[in-house]
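Asker: Listed below are the residues making up each chain.
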Amino acid sequence: MELTIETVRTGWQQALDLFQGGQAVRIATRHGISFDLPGLTVRLTNPSDLSAPEGYPYPELIKDYRDRLFGNQRGRSLLFQRMRRWGGDEGEAFDQIGRIVDLLRRDPTSRSAVFSTWSPPSDLNAPFPVSPVGGAVRVVADTLHLFVTARSVDVWVGFVPELLAFAQLASDLSQELGMRRSTVSYQCWSAHIYEVDLLSYLTRR
Amino acid sequence: MQRSLTMLDSGLVGHRTIDRLLQAVIFFADSIAIRSSYEVAAVDRADARLIERRIDELREQGFVKLWAHEYEVDDAGRAGNPTDGDAVRRPADLVVPASTLGVSLGEMDEVMRSIRESAYGREPGERSPLRQGTAEIVGLRNHLASLVISAELNQDGMLTNPAVRTALTSTFRARPGEGFQAAVVREVIGQLQLGSLVNLTAEQVETCRRFSADFRTLLDQSVVAVARGLDPVISPENTARELMTRYRAISTEYALPRLGPQVGGEIVWDVLGATLPPSIVLKYGVKAFTWRKIAKEVRPYLLLMHLERALRQPEVGR
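Protein chains in written order, with the numbering used here: chain A, 1 to 205; chain B, 1001 to 1318.
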C-alpha cells in the first residue's frame, strides 16, 4: 500500500484514515488487539515543513525523538548509536551517515549510500529492537531522496515523531550536499494502530 | 469478598490460558474476565472446539466472564471476532462503554506523560541501557490502557501473561500484587509437580474452590508482609518454599492416622477426602483425627492436598 503526503502535518490524518476502510487486519498481539497494514510506503514530498499535525496528542514525543537523533539524548539512543557510532563498543565507531555524506560528495550518482541499523545478534530477540532498520540516500536531479525502512510503526503514537525526525535528517543532508529539495520515502513492514487508540480516534471524529 | 480480575491480552486463548485461568480461580480469584471476541491461539487450533467448550463451562460455573468493547456488541448482546468472519459470536457479560473510555484514555495519557521516563526503566545495576525510544512508550501506554479497561470493567485487578507481568514489574518496580500471588502459585505448582491444571474436571474445580478462601488468606498475608516492608527480601520463590515446607510437614502428619475425634466434622471430611484413598477413609473415619488446633493450621493447605489428589489420581472424582 502506498500513500503520498505533502507534509507530516497534513499526512498524519491521511495515514489514520487508512485504518477506516476495512483494509487493516485485526491481530491479537502480546500488547493487545491491533489493526495492522502489513506493508505501507509513505512518500513525503515536502520534508522541510517540520510542524506537527493539529490534534497530535504527544508533542513531547516529537521532542524526545529529535533529541535522540540530534540533541542531548543521543548518548542513550540505540538508533543514534547504530547510525552514527556503529561498532563503537568494540573498536572505532563508524559514522554511517557521515560516510554517506563523504561518498555522495565524491560521487553524487553513487547507489551505494546505504545505511543499516539492524544487528541480528542483538535485535532478533530483543524486547525493543531497533527501528528503523536501515535506508539509503540518493541524489537525483538536484533532489535528495532519503529512503527509510522501518520494521514497525504505531501510527497513533510513533508515526509523527519518527517521520518528522527523518524529515529533518533529509533536510539537513540536502543542505549539506547542496541540493535544492528533498523527499522521504518511508516504508514500514507493519503500520498499525492499537484498538483503544482507534476507538479514541473514531470517537474524536 | 469477591475478587474479579481481568486477564490481559486475552484476545488469544489456548490451553495455557485455561491453565492460568484455573490457577487464578482456584488459588486467588473468584472470576476472570477475558475477551468475548477471543481467538483460539494458532498453536491450539486443532483443539478449538474443546477450548471453546471449556471456556463455556467455566463461564457457566461463574469463573469466567466475557468482556467486550461497545463497538463489538450487537443488539443481542453478543460480540464477534471479525477475523472469524463473525462466525463465532459469544455473549458479552461486561461491556466497556465507549463514552467513558475516551475520557479515561485522555487521563491515562496525562499519566503517561508524567511517568514516561519509567518506560525505559531497567533493573538496578544493569549496564546503562540504550533506548529504542518509541517502542518502550507504546508498551507503557498499552499497559496503562489495560489498567484503564480493567477499571472500566469495575474489576479488582489484572491477571497478566508472563511477558506483560515482566514489563509491568520492571515499569512499576516490583510492586507486590496479583503478579506476586500468581508467581507464588506458579512456584507452588512447580514444586508440587502438578503440571497443568487443564485436566481438572468442572466438578474438581468446584471442589477446589471450596478450599480456596483459606489458601488465599495465606497468600494475602504474604503480599501484605511485602507491601509493609516486614520482609523486604521476600520473593515469590521464598514464599512458595515456605508454604511448601509447612504443607509437607502437615500433610506428612495427616498421612499418619493418629488424630482423634475432636476435630470439626466438615474439616475432617475435607482432610480425609483430600488426602486419603477411600479405603483408608472408611477404615479410620473420624476417629483417626484428634486435634482441633492442627485442623485449623491445615485449613489453608486443604486446597493443595485436594489438587495433589485430583491430579495424581485423575480417575478419582471423575
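Treat the hints as calculated values from the structure; they're not laboratory data. This one's a predicted model, so the numbers in the text were calculated from it and none came from an experiment. The beta-carbon is built from N, C-alpha and C at its ideal position, and this holds for glycine as well. Warning: the hint list may mix true and false statements.
[What the hints assert, rightly or not] In silico negatives: residues of chain B with every beta carbon more than 12 Å from chain A:
#1 R1113
#2 A1202
#3 R1309
[To be verified] Some chain A residues near chain B, calculated using beta-carbon distances under 8 Å:
#4 I33
#5 V114
#6 S131
#7 V157
#8 G158
#9 V196
#10 T203
Asker: Does each hint hold? Answer for all of them.
Answerer: Here is how each hint holds up against the structure:
Separation of R1113/B from chain A is inadequate, the least Cβ-Cβ distance of about 6 Å not exceeding the 12 Å criterion. At roughly 26 Å, the least C-beta separation between A1202/B and chain A is larger than 12 Å, which holds for a residue marked as non-interface. Consistency note on R1309/B: stated as away from chain A, and its beta-carbon is indeed over 12 Å from all of that chain's, at 36 Å minimum. At about 5 Å, the closest approach between the beta carbon of I33/A and any beta carbon in chain B falls short of 8 Å, and the interface hint on this residue holds.
About 21 Å separates the beta-carbon of V114/A from the nearest beta-carbon of chain B, more than 8 Å, and the hint is not met. Nearest Cβ of chain B to the Cβ of S131/A: about 7 Å, under the 8 Å cut. The hint holds. Hint on V157/A holds. Least Cβ distance to chain B is approximately 5 Å, under the 8 Å limit. At about 4 Å, the closest approach between the beta carbon of G158/A and any beta carbon in chain B falls short of 8 Å, and the interface hint on this residue holds.
Of the supplied interface hints, the one on V196/A holds, with its beta-carbon coming within about 5 Å of a beta-carbon of chain B, less than 8 Å. Interface hint at T203/A: satisfied, since its Cβ lies 4 Å from the closest Cβ of chain B, which is below the 8 Å cut-off.
Hint compliance for this structure: hints 1 and 5 are not met, and every other hint is.
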